[in-house]
Amino acid sequence: MAHTHFTSIPLIDVSGLYSEHFAERQRVADELGRAAREVGFLQITGHGISRELRDGLVDQARRFFARPLEEKMRFYIGQSSNHSGYVPEGEEQFVGGSKDLKEAYDVNYDYTEAAQVYPLLGPTQWPDSADFKREVGAYYRAALALGDTLFRGFALALGLPEDTFAGITRQPTSQLRMIHYPLDPDPVADRPGIGAHTDYECFTILLPTAEGLQVLNGDGQWIDVPLVEDAFVINIGDMLEVLSNGNFVATSHRVRKVSEERFAFPLFCACDYPTRIAPITGLPARGERVYTPVNCGDHLFAQTAQTFRYLRERLEDGSLQLPDGAAGLSSFGQTRQEVTV
Numbered sequence: 001m002a003h004t005h006f007t008s009i010p011l012i013d014v015s016g017l018y019s020e021h022f023a024e025r026q027r028v029a030d031e032l033g034r035a036a037r038e039v040g041f042l043q044i045t046g047h048g049i050s051r052e053l054r055d056g057l058v059d060q061a062r063r064f065f066a067r068p069l070e071e072k073m074r075f076y077i078g079q080s081s082n083h084s085g086y087v088p089e090g091e092e093q094f095v096g097g098s099k100d101l102k103e104a105y106d107v108n109y110d111y112t113e114a115a116q117v118y119p120l121l122g123p124t125q126w127p128d129s130a131d132f133k134r135e136v137g138a139y140y141r142a143a144l145a146l147g148d149t150l151f152r153g154f155a156l157a158l159g160l161p162e163d164t165f166a167g168i169t170r171q172p173t174s175q176l177r178m179i180h181y182p183l184d185p186d187p188v189a190d191r192p193g194i195g196a197h198t199d200y201e202c203f204t205i206l207l208p209t210a211e212g213l214q215v216l217n218g219d220g221q222w223i224d225v226p227l228v229e230d231a232f233v234i235n236i237g238d239m240l241e242v243l244s245n246g247n248f249v250a251t252s253h254r255v256r257k258v259s260e261e262r263f264a265f266p267l268f269c270a271c272d273y274p275t276r277i278a279p280i281t282g283l284p285a286r287g288e289r290v291y292t293p294v295n296c297g298d299h300l301f302a303q304t305a306q307t308f309r310y311l312r313e314r315l316e317d318g319s320l321q322l323p324d325g326a327a328g329l330s331s332f333g334q335t336r337q338e339v340t341v
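So for the sequence shown, the numbering used here puts the first residue at 1; every next one is plus one.
Since the hints were made in silico from the structure, they are not lab data.
Check each hint, because a few of them may be wrong.
[To be verified] In silico EDC-like pairs for lysine to aspartate or glutamate, Cα to Cα no more than 16 Å straight-line: (1) Lys133 to Asp163; (2) Lys133 to Glu211; (3) Lys133 to Asp59; (4) Lys72 to Asp128; (5) Lys72 to Glu89; (6) Lys72 to Glu103.
[To be verified] Simulated DEER-style distance windows between Cβ atoms: (7) Arg67 to Arg276: 40 to 46 Å; (8) Gln221 to Asp324: 28 to 34 Å; (9) Ala138 to Glu113: 16 to 22 Å; (10) Arg276 to Glu52: 22 to 28 Å; (11) Asp224 to Ser81: 37 to 43 Å; (12) Gly46 to Asp324: 18 to 24 Å.
Since the model is a prediction, treat every value here as computed from it, not as a measurement.
Using N, Cα and C, we set each Cβ at its ideal position, and we do this for glycine too.
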């Protein structure tokens, strides 16, 4: 399996996925499938998420990240029970030792049931702002509903029943990241905002406020993703590549040359914590790669624990253990060994 020599990112109107007519939903699904097979990235319009919701999210991000660092650190992610909260610059470190030039606030589905025992599920750590919780929470719910619609579309694109993924996305470990890239005083310097990587989850719904995202094609060239009015960027993640038996591809991407203040809001759409991620029975393989099954939540937690400083420190002092069979960073799904950062 190899990526194609694409030079642009497909733009798809997905409003037909909401049609009562199956033929229309299938038509749009076929477009999604082509993009997922050939590029692993696409942009969508017709998604139904209002400008009011999007503007509210951006406004709350601007307000929160404008606070002094000591105020933001009151909501440090290392204080949460479900890996939610403020992520200062330098907290994350990916394979190869690269550190990202960004800060973030991570929001999970706000599970408040006492019975939840999984490390990535539970009550979200919200900052001390009712407006933040209301507006960010409203956007999260709308984007998660869009994710459910895209899951149905991707199922149709694979020739599967439309509700294939419904049973494994009831209490998903889907996380919304509110990312802030500060103004770069030296935009010429070749330093990453986020280093090259593929996403762990099934797919990502990204709302950006400026350009800067780049995608690696089959020729090893970095292709810029343009900023399109009212569009979301969608990219396939490792888990959907595996579930599709390699028919969909997770494509390496990065954020480069951040010459202006930039915000980005990726919702990483995943499955329920105990879901076994393996090729769906009956899907023919594309390519010769054989995928080793993993537990969805355990894999996400293991990757997170090896990336975030506060969790790595707990691994080092023995207060935290990785799940059995945990894979190393960038060792699952579409590993792009040729990528250099």
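Now the hints, each set against the structure:
1. At most 16 Å may separate the alpha-carbon atoms for a hinted pair to count; Lys133 and Asp163 exceed this at roughly 31 Å.
2. Distance check on the hinted pair: Lys133 and Glu211 sit about 27 Å apart at the alpha-carbon level, beyond 16 Å; violated.
3. Taking the CA atoms of Lys133 and Asp59, the gap is about 12 Å. The hint holds against a cut of 16 Å.
4. About 10 Å separates the Cα atoms of Lys72 and Asp128, which keeps this hinted pair within 16 Å; it holds.
5. Proposed proximity of Lys72 and Glu89 is supported: the alpha carbons are some 12 Å apart, at most 16 Å.
6. A C-alpha spacing of about 10 Å is found between Lys72 and Glu103, which places the hinted pair at or below 16 Å, so the restraint holds.
7. Roughly 42 Å separates the CB atoms of Arg67 and Arg276, a value that falls within the hinted 40 to 46 Å.
8. As the Cβ distance of Gln221 to Asp324 is approximately 40 Å, the hint placing it in 28 to 34 Å is violated.
9. A beta carbon spacing of about 21 Å between Ala138 and Glu113 agrees with the range 16 to 22 Å that was offered as a hint.
10. In this structure the supplied range 22 to 28 Å is violated for Arg276 paired with Glu52, their Cβ-Cβ distance being about 39 Å.
11. With their beta carbons about 39 Å apart, Asp224 and Ser81 fall inside the hinted range of 37 to 43 Å.
12. Between Gly46 and Asp324 the Cβ separation comes to about 43 Å, which falls outside the hinted range of 18 to 24 Å.
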